[in-house]
Amino acid sequence: WSFPSCAGIPKDVRCAPPGNRDSSDDMRKVQRREKNRIAAQKSRLRQTQKADTLHLESEDLERQNAALRREIKQLTEEMKHFTSMLSSHEPFCSILTSPPPPPEVLYATHSFHQPHISSPRFQH
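Residue numbers (my numbering): 1368 to 1491.
Treat the hints as calculated values from the structure; they're not laboratory data.
Please note: incorrect hints may appear among the correct ones.
Below, in silico cross-link-like pairs of lysine to any residue (SDA-like), each with a Cα-Cα straight-line distance of 20 Å or less [said to hold, decoys possible]:
| # | residue 1 | residue 2 |
| --- | --- | --- |
| 1 | K1447 | R1437 |
| 2 | K1447 | R1436 |
| 3 | K1409 | R1399 |
| 4 | K1396 | Q1408 |
| 5 | K1440 | R1430 |
Simulated restraints on C-beta separations [to be verified]:
| # | residue 1 | residue 2 | range |
| --- | --- | --- | --- |
| 6 | I1439 | R1399 | 57 to 65 Å |
| 7 | L1435 | H1456 | 52 to 60 Å |
| 8 | D1393 | N1432 | 54 to 62 Å |
Given the structure is predicted, the values throughout are model-derived calculations rather than measurements.
Glycine residues also receive a C-beta, built at the ideal position from the N, C-alpha and C atoms.
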């Protein structure tokens, strides 16, 4: 394509004949708009997918948080129970009222195989 109006334009750039220049520009605009429309559509899709992912993560974290709060409540109740057991045991504990015995006696007095009071947690 060699037209007088294309003088000075590099050969790797397409140059339309004078009559076709408007239709060529219009075609480029249409192609550019279509390309931009597709890019915008992809961008909106990615944004929606990211929002969906964040929503699922948020729901999962809410479930984990609720489970941890239940566990904290249970452990707090257990601690209260064991603190109460200890308080009721202390007045009758011979170890606390007498001078400290040697370690062998300590283990013999408080046998690990015979609990003083059974815990409700382990009575199922």
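### Query
Which numbered hints does this structure break?
The structure conflicts with hint 7 only, although it agrees with all the remaining ones.
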